[in-house]
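Peer 1: This is what each chain is made of:
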Amino acid sequence: MEATHAQDHGHGHPTGLMRWITTTNHKDIGTLYLWFAFIMLLAGGCLALLIRAELFQPGMQVVTPEFFNQLTTLHGLIMVFGAIMPAMVGFANWQVPMMIGAPDMAFPRMNNWSFWLLPVAAIMLVSSFFVPGGASAGGWTMYPPLFLQGGISNDMTIFAVHILGISSIMGAINIVTTILNMRAPGMTMMKMPLFVWTWLITAYLLIAVMPVLAGTVTMLLTDRHFGTNFFNAAGGGDPVMFQHIFWFFGHPEVYIMILPAFGIVSQVIPAFARKPLFGYASMVYATGSIAILSFIVWAHHMFTTGMPTSAQLFFMYATMLIAVPTGVKVFNWVATMWRGSMTFETPMLFAIGFVCLFTIGGFTGLVLAITPVDIQLQDTYYVVAHFHYVLVSGSLYAIFAGVYFWLPKWTGRMYDEKLGKLHFWLSTIFFNILFFPMHFLGLAGMPRRIPDYALQFADFNALATIGAFGFGLSQLILLVVVLKCIKSGAKAADHTWEGADSLEWTHLSSPPPYHSFVTPPVVK
Amino acid sequence: MSDHQAGSYYLPEPSGWPIVGSAAVALLTSGLVMWSNHIASGGWVILAGLLVLFYMMFGWFGTVIAESESGKYDQQVDRSFRWGMSWFIFSEVMFFAAFFGALFYMRVLSVPWLGEGDTNAMLWEGFKATWPTAGPLGAENIGFGKEVAAGANQFSPMEALGIPAINTLILLTSGVTLTVAHWGLKKGNRGQLNLWLALTVLLGVVFLGLQAYEYHHAYTKMGLTLGAGAYGATFFMLTGFHGLHVTIGTIMLAVILVRCLKGHFKPESHFAFEAVSWYWHFVDVVWLGLFVFVYWL
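Chain order of the listed sequences is A and B.
Just so we're aligned: the first sequence equals residues 45 to 568 in the working numbering.
Just so we're aligned: the second sequence equals residues 45 to 341 in the working numbering.
So that you can see chain B by itself, here it is in the shape it has in the complex (with noise of 0.2 Å):
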């Protein structure tokens, strides 16, 4: 309609991709609701929320692509978003700085307390504050690299070198192949581009299969599970919410490569491909975080 080109940013008729996401958003909750109160058919209506949510994204994100392909999109428009991404990204920042508040307020302060002092006299005597812990009551620390029996009330904790260290490769390797990939982008080498793309959602899958494989062995042959008290507690949520990023992440940059296939993108305007980018850089940086103070240290 022309009085929405009159100015030159771009503003979209109505939209009924909102209201499905508020659709898809209320049965996801209701089912989690359900699930985690052991309601029958609570996985049911997850499932359910989770097939509109992507029949939604699909069909928004299908909108915003065609209207970018169709070059309606300005430097303006271009610029809302940068700084929209940006923000999202801080978000997705303050919310694993939560978390790792939590690890940290554990490791300096409430664990420490519970082992000396008034406290571990009258609690629970004896009790040694060391990292890693289960706590007082929690499953007992056996020492890096011990197989501890089934149904032993005892953890071994995951030790830095191994999966996690050529994790912390693989992700790395991921964050140049992608460069290079916009490299490609940029000279208007398809062929690199489409190459060096697929590479580094390749290094995606092989983290999530690590981690995978990591998790698998922690629960069945460590005795690590999320209710190995603090150090379990931190350990799966931590590690988990950056797996689960790294999931979207990894997804973020298969749709990129479909339209790298497609032919999307132009050497000079790409900011889809660029805000994935970002977005797995981010993810790159929090599992720095992640190995240092989870794994290493």
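Isolated chain A, as found in the complex (with noise of 0.2 Å):
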């Protein structure tokens, strides 16, 4: 154990809410993103509540049907934008710098920059439901014509998008350029964690999607106050056209999501598995091939709309070529597991579990993937099963199982292990029964964004607002688990893990020191 500096939180740094506000550390700013990240899955999270204390019977009983419509659109923005993404840059400023032997990130006060817009944009989404007409309420999706009939919250709502867009465009170019130009003396390209592998592609993906969002809101707003015809067939313009430029976005936008959660995934399975990865060349180059399907499966979010037949099996084909890298990692992460020394602490559990469901969600994503099946399929409940296996069960698994697996790293303290796997089985079993009732919901027709349905769906929704309500609560005890290990938890070994290897548990502290490596190791 070399390098243990001596605790440094640097002499005559403001403190208190100014420390917060101003900082340029890449340790605080991660913190500052995972609170932000986590008060923004409450948010999302109650919101959900709301739509499945509507849906738990048929008929109209807790909220009107336009105030329904505001809700399961504010639900997907909060989500995607302020809690999934920003846990991920969350996790990239805590562990990029440490595990490629970094000082801090390149560009510390662009790093705080960052962070700060997304109070911006979260206030303006949130309060958005509080103008005349209430929230945007078109789906996160933002399709004309709709979307430019709307009121005022469709304007905040394009200009939150902005700011988030702005956001991530920075942290994603902060991230790339600390990948590229600060690691350590013989940390090659090839050696270093796929956490940050998977980090480096995400970022370009980012850099490359999000400005073409922001370019298709900037039409939406001039096609609704400024009088073009970009989404108007009488102009000459196409409302599918925004379908095209948004789900160019959009699709890359899931692997955005995903790929960082592949990385966390692919450095805590090793640990408790006490075996090297299996296949990590593989594992990059699925990755990057993952990336670079992304950006030509996009209209297969759009089978619906009427396209030409060799169009549509282009897109089919594509969209099923993804799983093949895809496979390579499930496989890999199988393989690392095969004959291992395995135990199973929170972050492992969360990280099986996240093989497992996340997998399923691949399947029905193949199913979906199928033309004519997605014509069947298309806006049901099916869809949303799916994208919620990915998402929940894929990226914010991902998510618990990164915070327990570095939470002793960060805080140098450890969490209770009997509530976190309380969380864990808490979280998966209601996790399946919100979530796979979906599935049988969707084969018989139900449509998505609906407040009402017929009485042949009543059962299982109600299970699932069932499934909801607990899975929900189950979250608090994540709040629990965070506060308790702060406040209280045991004195963590620096090794915390004895099967993890990359730089973080091998040369630094827990909790590191203010500038994770003033001294670059060498790397072997």
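Keep in mind the hints are simulated off the structure, nothing from the lab.
Fair warning: this is a prediction, and the values are worked out from it, not measured in the lab.
Just so you know, even glycine gets a beta-carbon here, dropped at the ideal spot from N, CA and C.
Errors might be hidden in some of the hints.
Residues from chain B that keep clear of chain A, each with C-beta distances beyond 12 Å, as calculated [stated by the list, open to error]:
(1) Leu71
(2) Arg234
(3) Leu239
(4) Lys310
One side of the interface only, derived from the structure: several residues of chain A facing chain B at Cβ under 7 Å [as the list claims (entries may be wrong)]:
(5) Asp199
(6) Met200
(7) Leu224
(8) Ala228
(9) Gly259
(10) Thr472
(11) Asn476
Join the two chains, each given in its own frame, into one complex according to the hints.
Peer 2: Here you go:
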């Protein structure tokens, strides 16, 4: 254990609130990102619970149909842009400099700004509930012509998306530059921990597609207020064009949310299987392949808009092709566990939960990729089930795995293993009660984004709502675990998990010093 | 503080500028929301946002310039700036790609669809799919170089020859003058640097002046507005965002010029100068795309 630098939190630095507002430290900023994401997770979760409360029984009980639409729209926007993406950037902030042997991120001040733009956007989004007409109600995808017709809140959504985009682009540029320029001597690209690799590729995706989203919401704004006809056929435009540009952003976006999750799981599983990751190089190439393919599959979100058969076939096959590199990854995770000395601490439980449940979401994705099947299932609860299996038991589970895995490193204290396991089991049971029935609802034809439904769907909906409240309340356990860990957790060892071999475990104290590596370690 | 210079990579102290920037963005975006919805005082909120934004940029860039001039940045920091600027320009390329994508989609797909088959027969029978067009219900295209009477539901598309061609020459020339200035900087010939850089700024300003004249002419004499359907929307959004980037680029060049006059930059280290020239060349290349696909073809 070298480099046990004196604990130094910067003499003369601001303290209290000003410490967090002015900080240029990657760990402080990572912490801010993670807390922000957690608050947004609870906010978006409350919206989801309102949705499920309304859907507990057929008929209208809790909310009005207009408000229901606002709930589904803001739930999507808040979870995608407010919870999952910032949480992943939080991990990148904490982990990337430590894992590559750098003192901090490449652009510490810009790093601060990337974070502090998020609350501005969040306030703009959430406060749009209180303007005349209520929040945006056309779905998180903002499709015209509906989105062109709404009130002032749609403009607030547009500008919130702009701010979030600026934040993401700056964050991504920072991460790419840090990885390419700040690696310790001897840390060649193919020696980087897989989490760093997945974030390098994710950051590239962000820089490539967030500006496209900014462009297309700008077209929405000018169509709404400044007389342009991008999405109006009477002026030579086309509403479907929005969907093409949006999903050119939107499909890489789903990999932006899952690739860092792959990275986290690829750190956790080898640590608890006590074996090196199986097929490291193939993992890197699979991640790259997924990223490249993500640019040529977007129209599988649009099979029912009417497109030439040749285009449908192309997008169907291209989409199915993504299952190959993803399959490589799942195979490698399982092969890593094969004959390993496995133990099942909370991070490992969430990682294994990820592998099992994400794979179910991956399979339903393949089902939806088949054009004729998709035409049947488009906009049904089958789609809702699919993307919650990949986003909740995928991205969110990886986030949980990462939080439990690195909490001892970040805080220098152990979390409560019993409560962690309880969190995992309750989450997993209620998650499946919540989302598994939605497959059946969708196959039976229940449409999504509708506040009322036919009697035949009543039982599964009641079940899903029970699951939703169980799942939602289970997340409070995480809050308790984290607070307890910070306040009174037992002292954690520097090398908490003996199977983990990246630099933050082998070279740094728990908690690590203010600037992770003042003298870069030499990587052999 | 000593701990911050222990490693060679410069790590800045905590900074208040980012939060000032966030305040600026908050004002700017809420002002834009208000202004778009005709809420009184929206314009003032935008103005306040812009002022705070400029204050932030003065302060933040001023800090960076002071750090740079006092020699705090080593080779590795310099490389970070290079990577950062390259990826920023790439993000700008993708922003323009969205609008070029919209242009190609309309010209190749959606406009022809409106003019053929069932779509044409059921929606707007008799609509002829040509380009430039303002769509089936938009203003009528009366051909190049015709003056449109005020109030008539007609437009005349922009010709490539004339101002756009002159502007192409101006931008291409400005790329050359900027390179000559860069040579001057590398040779240590400050006179050459200042003269040719000033010339570049001047060319940028002339370009913007001509563009403003072109817009005014389009609105008043040609019936060509943002509302002129697919053609008007793509024309003004593409050239407008390009013009905005030329404006930003010209301001950046002017800042660099002031710094040159103050004696900043050394022959072997002058990344701010290079970053601005990369940006300027990028703006130049976007213009070539515009000239070919918006004005010419």
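Peer 1: Against each hint, give a clear statement of whether it holds in the structure.
Peer 2: Right, here's what the structure says about each hint:
Listed as outside the interface, B:Leu71 is inconsistent with that label: its C-beta sits roughly 10 Å from the nearest C-beta of chain A, within the 12 Å cut-off. At the 12 Å boundary, the C-beta of B:Arg234 stays outside the reach of chain A, the nearest C-beta of that chain being 30 Å off. Taking the minimum C-beta to C-beta distance to chain A, about 34 Å, the non-interface status of B:Leu239 holds against the 12 Å cut. In this structure B:Lys310 is separated from chain A by more than 12 Å, as the shortest Cβ-Cβ distance comes to about 22 Å.
Nearest Cβ of chain B to the Cβ of A:Asp199: about 5 Å, under the 7 Å cut. The hint holds. Nearest Cβ of chain B to the Cβ of A:Met200: about 6 Å, under the 7 Å cut. The hint holds. Contact between A:Leu224 and chain B, as hinted, is supported at the beta carbon level, the nearest pair being about 6 Å apart and thus within 7 Å. Interface restraint check: A:Ala228 against chain B, minimum CB-CB distance 11 Å, threshold 7 Å, status violated.
At a threshold of 7 Å, the smallest CB-CB gap from A:Gly259 to chain B is about 3 Å, leaving the interface hint in force. The interface hint given for A:Thr472 is violated, since its Cβ lies 38 Å from the closest Cβ of chain B, which is over the 7 Å cut-off. Against a cut-off of 7 Å between C-beta atoms, the interface hint on A:Asn476 is violated, since the closest Cβ of chain B lies about 39 Å away.
Comparing the model with each numbered hint stated earlier shows that hints 1, 8, 10, 11 do not hold.
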